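Student: Chain by chain, the residues:
2 protein chains.
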Amino acid sequence: MKAFYGDLRLGILGGGQLGRMLIQQAINYNVTVKVLDPDRDAPCRKLCDEFVTGSLSDYETVYNFGKKVDLLTIEIEKVNVDALEQLEREGVVVYPQPRVIRLIQDKGLQKQFFKENEIPTAEFQIISNAKDLEQAQIPFPYIQKLRRDGYDGKGVYKVVDQSYLENAFTEPSLIERWVDFEKEIAVIVARNEKGDIETFPMVEMEFNPEANLVEFLISPSTLSFEVQQEAATIAKKIAESLRIVGLLAVEMFLDKSGKILVNELAPRPHNSGHQTIEGNVVSQFEQHLRAIFNQPLGNTESLSNAIMINVLGEQGHEGPAVYQGIEKVLNCPGVYVHLYGKALTKPFRKMGHVTIVDVDREKAIEKARYVQNTLKVVS
Amino acid sequence: MKAFYGDLRLGILGGGQLGRMLIQQAINYNVTVKVLDPDRDAPCRKLCDEFVTGSLSDYETVYNFGKKVDLLTIEIEKVNVDALEQLEREGVVVYPQPRVIRLIQDKGLQKQFFKENEIPTAEFQIISNAKDLEQAQIPFPYIQKLRRDGYDGKGVYKVVDQSYLENAFTEPSLIERWVDFEKEIAVIVARNEKGDIETFPMVEMEFNPEANLVEFLISPSTLSFEVQQEAATIAKKIAESLRIVGLLAVEMFLDKSGKILVNELAPRPHNSGHQTIEGNVVSQFEQHLRAIFNQPLGNTESLSNAIMINVLGEQGHEGPAVYQGIEKVLNCPGVYVHLYGKALTKPFRKMGHVTIVDVDREKAIEKARYVQNTLKVVS
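Top to bottom, those sequences are chains A and B. Mapping to full-length UniProt numbering: the first sequence position 103 is 103, numbers consecutive. Mapping to full-length UniProt numbering: the second sequence position 30 is 30, numbers consecutive.
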């Protein structure tokens, strides 16, 4: 592979906010960046050397795009993997590897992988059709998840009792024992070609139940050292078993009995790592670049307490985005606003995020609440 | 003026590394950025909404460029100020103000401004022609500086004795008493439209005498509190006297008697503030944006010891740039590489910078020396 600074052409499948923040970091290394996204107004459109408008799931489009780069990565896993495998055979470096993307695209394969590799996860059953569902061995309530294309809470359905089966998905899915969890936690792990592995400190998340999105995240966690160490060990074990090159976000539940269960994987920069930009020695974006370029991985230590808040489009507002309250928010020290360059807002759309850094954890939480109440995206 | 996020069109005169790092920060605010630079391969070329190739000193070019934006700023002060004044009359917001750029462009006017405002500076005399120079009242040795267009050590000449007069500049210049200084120091100050003023902590610089460029900078300074406070007071006084909106870098000497003398001003982000990206709560680039957008200024506190090293083209190398030793440098924790996207290297050209952050000052210095010996730009 060419040197990662200067003459390397990096292709990114997807031109959303994750790609945008990856480019913001890649600027430091003179990387030539090309981006493919179906939306001609995607957040990356003006920040790359070449922006191609096209489908991420179309074989020809992905193949032709990939032929123009030396190294291909993703910022979304819903991409045409057949094209990636062909590109790999033809000598394009694709990180994360197509086989990893293929596995993670399918929540059924993901769960089977957990089982085969003795990764703790909630009990599950693969469902092929309505009949399977009727004969399910998992007690109510349980969660039904589409095997493919679920995203940000879409493709997930809670089956509380028999009466809910009527509206259950009929597509290939899996059902999973309901976890009455104490906390959602996440660890981002990076692995490079040489096999070096580094985890970021574990974070705790709070979800907006209505939007089913991470809304409030705090780093580092104050849960016990044992829990943090176990979560890191699990994340490393998964990265090693997959032999992934790049970042892997591992979302987990800590259940009420103190047991960690892996929920889902994302083989790319992830919403649960945005606070690393200001809160850690290296950011997840820098780390992803280092991993896919086979460079030494960076130091992931936390510099301070960091809270990340997603800035979501307000309910009842759809259209050109207007940001309220930014001036007030900028008046707080240690508050970092990141807008994603999306022209149009709609309810719960991720329009940006804010990171609050403070050596005093309580003050950080107080500021985070203020930011949540102050910064609004309306139309 | 329009809201500074989303719908505001920001024009930057100059597309070099300062513009590049300003854009890298402006991404967080959805700002639409247009850049004018004479070099069609300038570092900003691929990172803005519109890149215009054209002269910064040509009236028509600057005027036509400025008519397409709401707010115009600079990353280099050698620009056509007549055009800026006309644009200002026609309602374009120009920060820093054209009158400030005009004053700072002319080292003679700068010195007179210091004198009129009782800003401590080395004794000087304005020189219009060779005869003035013969009749100079300042004892040898002294420094002769061209009033206009000096840059990075160009346009400066040391007159050691009578025999040096033969090669002295004949253009309008000033001569300045030789300062046998202990330290070069700098303070970056920001002022917004409302008149809020904030200084960054004072930094100490080490120059490469051969290249006459800042090569090694350390922040925060460990000089006495009194010196630091005096330097900050001087920087604020200058910003207030100028009523500048934007950043102002104030380069100063600390002479052997402990007296501070102001050397030069730069009304823009400056080489002496690059370490603020990782070393301070807000960076100089964020602060410049906040100032020109009339937002609350950010907290300038140092987070840690930060050392900034310019990455200069090696002597004896001219042509397409090759970067040696990056992998080794990335192996040190807390080391941040910033390359400027310049395709061609030449001796002493600023190709990038590296910031080293460490809570232990001695370790930071040790790492900085390692980086200096390891990272090389050759052809």
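Treat the hints with care, since some could be wrong.
Copies of one chain are not kept apart here, so a pair can be met inside one copy or by any two copies together.
To be verified - Calculated pairs, DSBU-like style, for lysine-lysine (alpha carbon to alpha carbon, straight line, at most 30 Å):
hint: 1; residue 1: K46; residue 2: K67
hint: 2; residue 1: K236; residue 2: K46
hint: 3; residue 1: K328; residue 2: K237
hint: 4; residue 1: K34; residue 2: K78
hint: 5; residue 1: K34; residue 2: K376
hint: 6; residue 1: K183; residue 2: K350
hint: 7; residue 1: K131; residue 2: K237
To be clear, the hints were calculated from the coordinates, so they are not data collected in a lab. For clarity, every value in this text was computed on a predicted model and none was experimentally measured.
Student: Each of the hints needs a verdict: does it hold here or not?
Tutor: Verification of the hints:
no.: 1; hint: K46 <-> K67; verdict: both (22 Å within a copy, 21 Å between copies)
no.: 2; hint: K236 <-> K46; verdict: neither (36 Å within a copy, 37 Å between copies)
no.: 3; hint: K328 <-> K237; verdict: between (44 Å within a copy, 27 Å between copies)
no.: 4; hint: K34 <-> K78; verdict: within (18 Å within a copy, 34 Å between copies)
no.: 5; hint: K34 <-> K376; verdict: between (32 Å within a copy, 28 Å between copies)
no.: 6; hint: K183 <-> K350; verdict: within (22 Å within a copy, 49 Å between copies)
no.: 7; hint: K131 <-> K237; verdict: neither (35 Å within a copy, 80 Å between copies)
Checked against the numbered hints listed earlier, the structure breaks hints 2 and 7; every other hint is satisfied.
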